[in-house]
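Protein chains: 4
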Amino acid sequence: MTNTGRLLISCPDRPGIVASLAHFLYERNANITHSDQHSSDPSGGVFFMRIQFEMEGLTERFDALQREFADVAKRFEMKWRMERAAKLKRLAVLVSREEHCLLELIWQQRSGDLKAEIAMVIGNHKSLGQVAEQYNLPFYHVDVKANNKSEAEKRIQELISGNVDAIILARYMQILSSDFIKPWEYRIINIHHSFLPAFVGAKPYQQAYDRGVKLIGATAHYVTTDLDAGPIIEQDVHRVDHRHDPEDLRRIGRQIERVVLARAVSWHVEDKILVLGNKTVVFA
Amino acid sequence: MTNTGRLLISCPDRPGIVASLAHFLYERNANITHSDQHSSDPSGGVFFMRIQFEMEGLTERFDALQREFADVAKRFEMKWRMERAAKLKRLAVLVSREEHCLLELIWQQRSGDLKAEIAMVIGNHKSLGQVAEQYNLPFYHVDVKANNKSEAEKRIQELISGNVDAIILARYMQILSSDFIKPWEYRIINIHHSFLPAFVGAKPYQQAYDRGVKLIGATAHYVTTDLDAGPIIEQDVHRVDHRHDPEDLRRIGRQIERVVLARAVSWHVEDKILVLGNKTVVFA
Amino acid sequence: MTNTGRLLISCPDRPGIVASLAHFLYERNANITHSDQHSSDPSGGVFFMRIQFEMEGLTERFDALQREFADVAKRFEMKWRMERAAKLKRLAVLVSREEHCLLELIWQQRSGDLKAEIAMVIGNHKSLGQVAEQYNLPFYHVDVKANNKSEAEKRIQELISGNVDAIILARYMQILSSDFIKPWEYRIINIHHSFLPAFVGAKPYQQAYDRGVKLIGATAHYVTTDLDAGPIIEQDVHRVDHRHDPEDLRRIGRQIERVVLARAVSWHVEDKILVLGNKTVVFA
Amino acid sequence: MTNTGRLLISCPDRPGIVASLAHFLYERNANITHSDQHSSDPSGGVFFMRIQFEMEGLTERFDALQREFADVAKRFEMKWRMERAAKLKRLAVLVSREEHCLLELIWQQRSGDLKAEIAMVIGNHKSLGQVAEQYNLPFYHVDVKANNKSEAEKRIQELISGNVDAIILARYMQILSSDFIKPWEYRIINIHHSFLPAFVGAKPYQQAYDRGVKLIGATAHYVTTDLDAGPIIEQDVHRVDHRHDPEDLRRIGRQIERVVLARAVSWHVEDKILVLGNKTVVFA
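So the sequence lines, in the order shown, correspond to chains W, L, B and Z.
FYI, in our numbering the residues of the first sequence are 3 to 286.
FYI, in our numbering the residues of the second sequence are 3 to 286.
FYI, in our numbering the residues of the third sequence are 3 to 286.
FYI, in our numbering the residues of the fourth sequence are 3 to 286.
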């Protein structure tokens, strides 16, 4: 996949965008292997596109290609980025005590299903240090207490700065501050253990049990400064019934959480997600 | 199914309930063909049971059987009811303008999947009169306006009184008053066009669209005096994505609504639902 | 949708196809609102594309547009067709005794979900004549017996010739001859009541019951001269268990059949399906 | 769960079975906490029942309880077994090179979701020795070649004899001989990587790809001497489309396989499965 490039754009919709993009790549002997597009509104909306292409010598030509594309982008007022598939994204996985989401990410990464590098695991408890160690992943314990929250976040910031491309909250039970979140906009993914927007906040499985729902779910979303309200990336549900107590719901829920999170992370690292307002466009 | 009986009970959990029920039926030459039980809490909770049995000459023996069972029931402080499968429940289907839920109920009734009789269709608009007529169902138009609500409900009450066993709100867009609802407790089923408790209230598909969820759903529930908060009977969901606009969500939603409602009504008329507090026990 | 056009192409994959198509449409002031592409194999495979576009005055310009496009098509050795969304496809629905698939198509057509016209219903039994009549659809009874098969097919051929665009076998229990099928290649859709290729042939629900499967399904496919082996368009399944007897499987199956068939027909009439060898590419 | 017992029976159906069982347990102060029953045919079929009960001092009374129950069992010609929930079943997991199913079983066992002990891992390749070691599980490498098959099976037999209660084939790519299988009837579980009976035999994902199915699946079943034809315990499917090549199918399939296998093993070790002929009754 050395020669595989990805181009993501969004811009005001108007005629000629696809023609210009296709022409730009064709002139440079790039072959479009996948492309997806979406218009938020055919008349006067926002146009989104993801193009995957193959180009000989992409690694060497990549900087030049970006400079050249900037001209096209300017003409159409595009927000855009170009990525090389071969440059795997590096992840910091933040955890607390529950291991299932971390294990899933590790397992999928090892099997080649998750095309990323797990750069480090950071825990506010020591519990999962052993899991990280078992798989030769650096583990850092950053204790978070009521009175040291900003120091703890500063410590995390130091660990990840310049070292990772995205932060995955794999059942990390701390709320990050707005100051921490802002520079990482749309690069922090959280797994919430309910079908949002049902059961926002604490103890969602207990809430689900109390309401007597027949399906429970999990939601992976980008973290914004508005708790549990960031753009939803993926959701799934599982059937439950009167025989399930809150502990059963948590058990079943773990299966949904790990799968939903892994799917969301996978799409993120393969540059398949664009954000518009508070929604995602996922070219899965 | 002339000889098929159903016994539904709930009572404080304690040893010996099953033995007593089984003994009662065995003595009377009844053969248990299905049985389901559930304890809300093994120690000191509520015990639920549904038994389906076959008994020669059930129709003739039914009244006596109920009198005799009252003794067993008293001993265990049971809430209970006994039903004959052959006595089909009669339904009043309340509608407004959308036909999909009504059509589904009619179709399933005709095909024998819904074991009930549709006694009448009542609409607060005239639009669906033709559908009812096509299938030879009595249709009554009961106009509901801001200033005639209680009269309208009185009219509905007259139409159904002594004539139906349950009321199905098949996309009926009026809110029933508490006075109307109370005597029909757990015998009115509504289909709400969202995955409750997400998107309570009006325009749930628009709400779902605005929040950018990846699954939309529908919820069938018993109607209580607390709007959209009654015991949930059944829910289901369908995957959507960024390509779907609110109109698409409504279209996909219609498919979920009709299936979820039909399933809930089917369980109700086959006496498969028990209610505990604000939850249902469904022995599907 | 008067100005909505659709262009479907398949051709040997090579650089420049997208650029040429996009340029062709851009020059003519057509705005691409949706596009989907697929390559069976990035190097040396077959390239598939479906483009939906908006163009002022499409109805008047349509013939010229097709002539002009023929040049582009020739250069890339394309198989192609261009369609106007406003020109609804006309369907002949063939039935036997079971009504559920027919009713589903009628219902979805009436609600606007199925964008087609039902030109006629043809039954080899008279049973569903009443259903067709109820919805003001022409019904023709064409009896099929062992000794009059070719005459019967000739009669059907006369009824549909020049009058319909596609044939839907909505639980039509007769096998069509190769001679009948050939001129309608990829324009006859059948619903098979199993998850193909499991349970080919007769009585699939009984076969499923005997094998003790935990999911039953249905398959919509294009009819080819090879029985039950044509390109699969859509499949779905539903969970069953030991409590379900063959009659239950048939009942549950009916729900899957009608939904799967309706989805397949919907994709067909919106020109969302391309065929490669014995497989479909569905741009749903 | 020291006091939790399970009773599984099957016998010719006739009146009085439930009453006798319930009476037997009630006399001994056992409280029935769950019960499930099924009749293969209400008149003259086979009756199946699973009862879970709580009884003070079960461990001490267990042998006597079984002796006493033998009388009841004899009267009704029951096949039966009684189990203590506290006595976890011991598993031998047989593997080849693929780790996903093994990892899933280990993970679920560690988290408490799989209520069993993994007694050992046996591989016909050395590849997964490291995984077993990491989790402190005994690993045995038993090479299987064309000319040493019976010796290899003898070696496996020695390792497991008297030491395990069930054998799990977690993507074990060898076919076991009839001689090996027979003494372990309904105690060997295999995961087949297709939706059986579609795609029996080798390379099912390639077969699925070639046929162009829209759903792929996995099947957990008891191993009998008839290859891929034993009683099905559980199945599930996942949607695929034209964009997925055989490698994608294998990747998606791995996710289904591990979940389906873990579910089947879980039901087996909790004594939730009864077998009738070539089918399972699963009281999940």
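Incorrect hints may appear among the rest.
Since the list gives no way to pick one copy over another, a pair counts as held whenever it fits inside one copy or between any two copies.
Said to hold, decoys possible - Distance condition first, Cα-Cα at most 16 Å in a straight line; then the derived EDC-like pairs of lysine to aspartate or glutamate: (1) K184 <-> E85; (2) K76 <-> D238; (3) K184 <-> D243; (4) K117 <-> D250; (5) K117 <-> E249; (6) K128 <-> D228; (7) K156 <-> D65; (8) K91 <-> D167; (9) K76 <-> E187; (10) K281 <-> D43; (11) K184 <-> D228; (12) K156 <-> D238.
To be clear, the hints were calculated from the coordinates, so they are not data collected in a lab.
Note that the structure is predicted; figures quoted are calculated from it, not measured.
Intra- versus inter-copy proximity for E187 and K76 (alpha-carbon distance at most 16 Å): neither (23 Å within a copy, 48 Å between copies)
Between copies, within a copy, both or neither: which fits K184 and E85 at Cα up to 16 Å? Neither. Shortest intra-copy (22 Å) and inter-copy (48 Å) distances fail the 16 Å Cα cut-off.
Tell me, please, which holds for K76 and D238 at an alpha-carbon limit of 16 Å: within, between, both or neither? Answer is neither; intra-copy 39 Å and inter-copy 46 Å both fail.
Quick one: K184 to D228, C-alpha cut-off 16 Å, is that within a copy, between copies, both, or neither? Close inside one copy (11 Å), not across copies (41 Å); limit 16 Å.
How would you label the pair K128, D228 (within, between, both, or neither) given a Cα cut-off of 16 Å? Classified as neither: same-chain Cα gap 28 Å, cross-chain 46 Å, threshold 16 Å.
Indicate which option fits the pair K281, D43 if close means a Cα-Cα distance not exceeding 16 Å: within, between, both or neither. Result: close within a single copy only, 14 Å intra versus 33 Å inter.
Cα distance capped at 16 Å. Does K91 pair with D167 within a copy, between copies, both, or neither? Classified as within; 6 Å inside a copy, 45 Å across copies.
Alpha-carbon proximity context of K156 and D65, limit 16 Å: neither (33 Å within a copy, 62 Å between copies)
Check K156 against D238 for me: Cα-Cα at most 16 Å, and say if that holds within a copy, between copies, both or neither. neither (34 Å within a copy, 44 Å between copies)
Up to 16 Å CA-CA - E249 versus K117, copy category: between (33 Å within a copy, 15 Å between copies)
At most 16 Å between CA atoms: does that hold for K184 and D243 within a copy, between copies, both, or neither? neither (40 Å within a copy, 26 Å between copies)
Intra- versus inter-copy proximity for D250 and K117 (alpha-carbon distance at most 16 Å): So K117 and D250 pass the 16 Å test across copies only (14 Å; inside, 32 Å).
Checked against the numbered hints above, the structure breaks hints 1, 2, 3, 6, 7, 9, 12 and satisfies the rest.
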